[in-house]
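Trainee: Following the hints, complete the assembly by docking chain H onto the known chain L.
So the sequence lines, in the order shown, correspond to chains L and H.
Numbered according to the numbering used here, the first sequence spans residues 265 to 926.
Numbered according to the numbering used here, the second sequence spans residues 10 to 91.
Because the hints were derived from the structure by calculation, they are not lab data.
Bear in mind the structure is a predicted one, so any value in this text is a computation, not a measurement.
Yeah, the Cβ is synthetic: ideal placement off N, Cα and C, and Gly gets one too.
There could be a bad hint or two in this list.
Here are the simulated DSS-like cross-link-like pairs (lysine-lysine), alpha carbons at most 25 Å apart as the crow flies [to be verified]:
| no. | chain 1 | residue 1 | chain 2 | residue 2 |
| --- | --- | --- | --- | --- |
| 1 | L | K716 | L | K876 |
| 2 | L | K875 | H | K14 |
| 3 | H | K87 | L | K876 |
| 4 | H | K19 | L | K716 |
| 5 | H | K14 | L | K860 |
| 6 | L | K550 | L | K621 |
| 7 | L | K876 | H | K19 |
| 8 | L | K395 | L | K360 |
| 9 | L | K876 | H | K34 |
| 10 | L | K875 | H | K19 |
| 11 | H | K34 | H | K88 |
| 12 | H | K34 | L | K716 |
| 13 | L | K860 | L | K875 |
Here chain L is said to cover these stretches of chain H; the calculated rule only asks that three of the stretch's residues, wherever they fall, bring their Cβ under 8 Å from a Cβ of chain L [claimed, not checked]:
| no. | segment |
| --- | --- |
| 14 | 26-32 |
| 15 | 39-48 |
Per label pair, the in silico range of CB-to-CB distance [what the hints assert, rightly or not]:
| no. | chain 1 | residue 1 | chain 2 | residue 2 | range |
| --- | --- | --- | --- | --- | --- |
| 16 | H | D35 | L | E565 | 36 to 42 Å |
| 17 | H | D35 | L | H700 | 28 to 34 Å |
| 18 | H | L71 | L | L826 | 38 to 44 Å |
| 19 | L | Q599 | H | Q16 | 39 to 45 Å |
| 20 | H | L71 | L | Q582 | 56 to 62 Å |
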Amino acid sequence: MCGIAGIINLEASSPPSRDALEVMAGALEHRGPDEFGLYLDRRAGLAHARLSIIDLSTGQQPLSNEDGTLWISFNGEIFNYVELRAELEALGHHFKTKSDTEVIVHAWEAWGEAAFERMNGQWAVALWDSKTRTFVLCRDRVGVRPLFTLEHEGRLFFASEVKALFAGAPGFTRALDPVGLDETFTFWTVVPPQSVFVGVRELEPGHLAVWRDGAFVHDVAFWTPSYPVGDQRRFTGTLHEATEALTHALENATRLRMVRADVPVGSYLSGGLDSSLVAALASRAKPSGFRTFSLRFADAEYDETPYQRAMVERLGTQHAEVVVSRQDIADVFPQVIRHTERPVLRTAPAPLFLLSKLVRDAGIKVVLTGEGADEMLAGYDLFREARVRRFWARQPDSTWRHRLLERLYPYLTRSPVSQQALTRQFFGRGLERAKHPGFSHETRWNGTAALKRLFSPEVAAAVAGFDARAKLLASLPPEFASWQLLAQDQYLEVRTLLSGYLLSSQGDRMLMGNSVEGRFPFLDREVMALANSLPATYKLKVLDEKHVLKRVARGLVTDEILSRPKQPYRAPDALSFIGVARPGWVDELMSEAAVKASGVFAPGPVAALWKKCLTRASDDQFSNTDNMAVVGILSTQLVHQQQVREAPSTKRPTFKTVVVKA
Amino acid sequence: MSDIKEQVRKFIITNFYVADPAALKDDASLLDAGIVDSTGVLEVITFIESEFGVTVDDAEMLPENLDAVNHIAAFVQKKKSS
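Chain L with its partners taken away, still in its complex shape (with noise of 0.2 Å):
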């Protein structure tokens, strides 16, 4: 696990810079503190912030093939690397590392592009072929692993995160981009290859992009989500044989990730159910000193102590906790912002920054999670609130079936939303649309987008003709309309939050600041092809959600975890800023002169809604908006204060591998 950079030439005719390069790497030591290789010939250069996992002693990058000409660095983990290398060595490849880096090169060398597809991991892929003076960029299929480009002055820069290609290239003009900020405030991401800086692109997951000569190619996907049409790719199997299939192959994900990796492996333990699984598959691959790490909240209404203390108990594991306070998340904040280099509108990856501390602290370098269960085997509420309204849209006119949204969410009861009307003004919008792309997701995007009325006039007029959800549902696959429902709302779930923010900004940033890689059982290929493959009422079962995983499960996590109600990962949002011992730098970033500085936010009503918040300070209770704007304006001036108005990193590493080709 790594950090990756590099500069190819497109029109530019001088070698790449290699104290570029060198600032480069500099910029991504978090990801890597290790060791730093370089390679550089007179049309590319390429970067590597290494984390030693796999081939401790002979695993450097950049690495190349038998005579040198095809160079690599890259970011990641090839779980099937042994598979693959058996099949390589086959056609005659031969090996001088253990690496699963060298593997890739191999691949390449002998089925091209459709090399990746056979790949089982996480990654972020850079090749420069000096030969043919080709040049490919790839990501893994969800994209657990970052990879950002951008063009300056004739010359083609990536990077894993945005901050390295901002050093690389310090005259390049950094800017907020309005369509990423309207994107953002819409579906809490943006939706790559868009990003929230003019001039930087995300490359998106499961793709793609090669240059040749200079010139660029194409940028096409290797990979796609895919769900079954009629009786095609259907599992046709019973419950009870979807359960054993998953089990095997739950088993088997988990198992590879515990197996490849030369140094030990832990596990996070929410207490809920994804992580619980996957803690258990994996001690039992371990059965003594396997590491555990949990999260606990000072305040009691975040906190799920008792269920990861009843698991622990019922695994043996060695455990370790951390507890996390508003003031902890306060205070964490700008560094969290400096690693997410985007806004967000939660501050549950503050948390997750300090968990992943306490796993460094403890030594271990890797750690399993269950992220990908909600969006795999749908474990959201979004998809049950989906279902209840389309259920609802059936019969309009009911006077009860909107009362089972009453299930889903119990403060309902307490609200004078549950007032028929009221919920029908809130969840009862566009039900005629039930069966239109993006009506799942109509409740939360249009909340996330009311915020836009916080723009400054001159964002908002940027971005007067845009509209984010038209862009993005022109974008969906031509198959999109065939599969059911459900398939169609985690396709979308996948498409926004999993990619762009789960794994993003909750995910590898948070886990990367700490130099800790983060791997995914519930991501494995072979675990993804199968829940896709599953029929909607083996996953979400009237309103059970998870329904197949929980049968997975059981026997294997406690009872009170099977049959608690799904707890979404929540940490205190603006509440953690409004605190009288709130750090200097909130007050700073929210008044006048800094949000006329920064441009995005009109100054008025962000001061209206800071003094609303600092008067209702004791109500210890916002409104979900409040929250989010809150948050969403705080990160927002961090991103433009550390990576638009602050010059960019200048630090260079001491390099243990240098290859320069004049």
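Mentor: Same frame as chain L, but now just chain H:
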């Protein structure tokens, strides 16, 4: 009536931080626009009760009473005169 409406308008613009007051039409649905969310409804009710000294009954929690500047103003007017 117009005083009440102005008070209501000012409350909505300030409490729900509307950047472009000109774009806020008096008859536009505040819920549809996402300006008022489910907790925001409580804030509107609290405002009506504390500012105008009237009580909002459960049965009165209806969009036609709460979902637009005009609706809120008319509702307050009716309550005050009853």
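Trainee: Confirm or reject each hint.
Mentor: Tested hints:
1. For the given pair, K716 (chain L) sits about 18 Å from K876 (chain L) by alpha-carbon distance, which is consistent with the 25 Å threshold.
2. Straight-line distance between C-alpha atoms of K875 (chain L) and K14 (chain H) comes to about 23 Å, which keeps the hinted pair within the 25 Å bound.
3. The straight-line distance between the Cα atoms of K87 (chain H) and K876 (chain L) is roughly 28 Å, outside the 25 Å bound, and the hint therefore fails.
4. This hinted pair checks out: K19 (chain H) and K716 (chain L) have alpha carbons roughly 19 Å apart, not beyond 25 Å.
5. At roughly 31 Å between alpha-carbon atoms, K14 (chain H) and K860 (chain L) are farther apart than 25 Å, so this suggested pair is violated.
6. Between K550 (chain L) and K621 (chain L) the alpha-carbon distance is near 23 Å, which keeps this suggested pair within the 25 Å criterion.
7. Our distance criterion of 25 Å between C-alpha atoms is met by K876 (chain L) and K19 (chain H), whose separation comes to about 14 Å.
8. For the hint linking K395 (chain L) to K360 (chain L), the alpha-carbon distance of about 21 Å falls within 25 Å, and the restraint holds.
9. With a C-alpha separation of about 23 Å, the suggested pair K876 (chain L) and K34 (chain H) falls inside the 25 Å cut-off, and the hint holds.
10. The hinted pair formed by K875 (chain L) and K19 (chain H) meets the criterion: a straight-line CA distance of about 15 Å does not exceed 25 Å.
11. Using a Cα cut-off of 25 Å, the hinted pair K34 (chain H) and K88 (chain H) holds, with the two alpha carbons roughly 23 Å apart.
12. For the hint linking K34 (chain H) to K716 (chain L), the alpha-carbon distance of about 17 Å falls within 25 Å, and the restraint holds.
13. This hinted pair checks out: K860 (chain L) and K875 (chain L) have alpha carbons roughly 17 Å apart, not beyond 25 Å.
14. Given a C-beta distance limit of less than 8 Å, the hint that chain L covers the segment 26-32 of chain H holds, as 4 residues qualify and 3 suffice.
15. For the segment 39-48 of chain H, the stated coverage by chain L holds: 8 residues have a C-beta nearer than 8 Å to a C-beta of that chain, and at least 3 were required.
16. Look at D35 (chain H) against E565 (chain L): about 38 Å separates their beta carbons, and that is inside 36 to 42 Å.
17. For the hinted restraint 28 to 34 Å between D35 (chain H) and H700 (chain L), the CB-CB distance of approximately 31 Å keeps it satisfied.
18. Separated by about 41 Å at the C-beta atoms, L71 (chain H) and L826 (chain L) satisfy the suggested range of 38 to 44 Å.
19. Between Q599 (chain L) and Q16 (chain H) the CB atoms are about 44 Å apart, so this pair conforms to the stated range of 39 to 45 Å.
20. Checked against the hint of 56 to 62 Å, the C-beta distance between L71 (chain H) and Q582 (chain L) comes to roughly 57 Å, which is consistent with it.
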